[in-house]
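**Student:** Residue strings, one per chain:
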Amino acid sequence: MSNPSKDNDLVSNVGQRFGRLPATPADREVEGRASREEVVDFFDDRFGIEPAVFEDFTFWEKGKGKIWIFAADVPSPIRIEGLGMTVLRTRQEHWKPTHSAVQRFGHHATKNVVKLSAEEAAQFAQGEDQEVEWDGDWGYLIAAHELAGDRVPVGVGLYLYDELRSTVPKGNQESLTVL
Amino acid sequence: MNPLERYAPLVEDHEAFFAACEQPLPSVVRVNSINATPERAKRALDEEGVGYEEVGWNSQLLRLDERGPGTSWPYFHGWLHGQEEVSALPAIALDPQRGEKVWDSCAAPGSKTTQLSAMMDDTGIVVGNDNNLGRLSALRHNAERLGVTNLAVTRQDGRNFSLKPFGFEEFDRAIVDAPCSCEGTIRKNPDTLDQWTLEHVHSVAAIQKGILSRAIQATKPGGTVVYSTCTFAPEENEAVVDHVLETEECDVVDFECPLESRPGVTGWEDDTYDDRVENTHRIYPHLNDTGGFYCAKLEVTA
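Chains L and D, in that order, give the protein sequences. The first sequence finishes on residue 179 if you use the working numbering, and the numbering steps up by one all the way, no holes. The second sequence finishes on residue 1302 if you use the working numbering, and the numbering steps up by one all the way, no holes.
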């Protein structure tokens, strides 16, 4: 095992395989790789999603900064096509949760959730940017609407200068009824 | 000549069979229990004014009145997945449990794979394999959309699949929803039989035998393997099961088929098959207003 305290002891990330995230930054062996602790803290700090939600999952990196969440565990590194679901994009200044992460886990969020009206939700699902009322933090927000009696995440929005940009991926965008 | 004519001797009610094959298929969705209960999904459809009726034999399947499943809020949220009614059968026959290790040898585009994940409450591991990169990308997209986190995706030839990357030796269960001549999908794809040849039936049957053999070898003794196709040809169905009964350590297990079915046939043209294939199920389109299907449940004996 290399001493992870010095950056030049770290090995570089290999894009074509999945590597399990180290438990904490001190356990880091791959340069620039986020730790499990940092990922769980990110969801807690930014959205108030309790760390307990992620207790039974493992986290993996494949490609530069793409973090995947997996329900079980397998030997690391592993060279396969997919491992669970993408949850987060790291290795950039502002970490960005994925659309699928927010659809799957966003209902646990207690902050930085912007509630959209029926019209706004339909616009957002189509991938359109719009002005919305929001006096909280700038940056990545969970956009949600009301459906079947619950608050349901529609996707990840980037809020900047009074504008909410929809980051719903092209393949998921849909023209839907205004409820 | 319509290739389906060759199956007339197997079907009691020819007219109903051929008439059903001409009819378009109802639009059916499965409620994805990872993200929603049937009650929640139905309430969302109600709010949106999308009509549906429940499929009697399974509370998670809904027949939609009109439009396809892709343009509703519950679909957008990954609460629903478009899946032909009869294709929900193999996962139900497999009956995977929480925390198990399950192999789906021919997984893409993932309707059955994601159904397995949902039945396991998204725990344990489903290894979804396919050999076609384009189809794998559809599998990945569907799994993400449905919030599946217990799926590991591989691209290997199912006939000599290796578990080496996973650090375990065998699966608890395996499902082989094999590539086939797709005769039973005629209602969905009316031109599916344009390319039909007997040579193709025989060549695909050889692949099916290879994949099913590997699935039995890769499953623990006492484990379950389900074999299914969406075709009528006995060469691709009973003959494949007959082959593994002879060459692999396995036995046919009877299972209660929730859809009306007919027993597997023990003879076809000049061939005869092991009597045990009578406990496998043939589903013709006119029996339940579905596509055509074949499903066999096997137990690994050693």
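Think of the hints as simulated: they come from the structure by calculation, not from any bench. We put the beta carbon where it would ideally sit given N, CA and C, even for glycine. Errors might be hidden in some of the hints.
Unchecked claim - Computed list of lysine to any residue pairs in SDA-like fashion (alpha-carbon distance at most 20 Å, straight line): (1) L:Lys170 x D:His1141; (2) L:Lys170 x D:Ala1138; (3) D:Lys1164 x L:Ser76; (4) L:Lys66 x L:Pro22; (5) L:Lys96 x L:Ile78; (6) L:Lys66 x D:Lys1164; (7) L:Lys66 x L:Arg46.
As the list claims (entries may be wrong) - On the chain D side, residues computed to face chain L include the following (Cβ under 8 Å): (8) Thr1123; (9) Ala1143; (10) Arg1145; (11) Thr1154; (12) Arg1155; (13) Phe1166; (14) Glu1169; (15) Val1253; (16) Cys1257; (17) Pro1258.
**Student:** For each hint, tell me whether it holds in the structure or not.
**Tutor:** A quick look at each hint next to the structure:
Under the criterion of a C-alpha separation no larger than 20 Å, the hint pairing Lys170 (chain L) with His1141 (chain D) is consistent with the structure, at around 12 Å. Taken as a hint, the Lys170 (chain L) and Ala1138 (chain D) pair is honoured in the structure, with Cα atoms around 14 Å apart against an allowance of 20 Å. Distance check on the hinted pair: Lys1164 (chain D) and Ser76 (chain L) sit about 12 Å apart at the alpha-carbon level, within 20 Å; holds. The hinted pair formed by Lys66 (chain L) and Pro22 (chain L) meets the criterion: a straight-line CA distance of about 15 Å does not exceed 20 Å.
In summary, the hint linking Lys96 (chain L) to Ile78 (chain L) is not supported, as the alpha carbons are separated by about 24 Å, beyond the 20 Å threshold. Our distance criterion of 20 Å between C-alpha atoms is broken by Lys66 (chain L) and Lys1164 (chain D), whose separation comes to about 24 Å. Between Lys66 (chain L) and Arg46 (chain L) the CA atoms are separated by roughly 18 Å; this keeps the pair inside 20 Å, and the hint holds. The beta carbon of Thr1123 (chain D) is positioned within 8 Å of a beta carbon in chain L (closest approach about 6 Å), and the interface hint is therefore held.
A cut of 8 Å between beta carbons decides the hint on Ala1143 (chain D): the least distance to chain L is about 7 Å, and the hint holds. Nearest Cβ of chain L to the Cβ of Arg1145 (chain D): about 7 Å, under the 8 Å cut. The hint holds. Interface hint at Thr1154 (chain D): satisfied, since its Cβ lies 5 Å from the closest Cβ of chain L, which is below the 8 Å cut-off. Proximity of Arg1155 (chain D) to chain L holds as hinted, the smallest CB-CB distance being about 5 Å (cut-off 8 Å).
Residue-level restraint check for Phe1166 (chain D) holds (minimum Cβ-Cβ distance to chain L is 5 Å; threshold 8 Å). Given the 8 Å rule on beta carbons, the hint for Glu1169 (chain D) is violated: about 13 Å separates it from the nearest Cβ of chain L. The criterion of a C-beta within 8 Å of any C-beta in chain L is not met by Val1253 (chain D), whose closest approach is roughly 27 Å, and the hint is violated. Interface hint status for Cys1257 (chain D): violated, as the beta-carbon distance to the closest one in chain L is roughly 30 Å, over 8 Å.
Using the Cβ-Cβ criterion of 8 Å, the hint placing Pro1258 (chain D) at the interface with chain L is not satisfied: the shortest such distance is roughly 27 Å.
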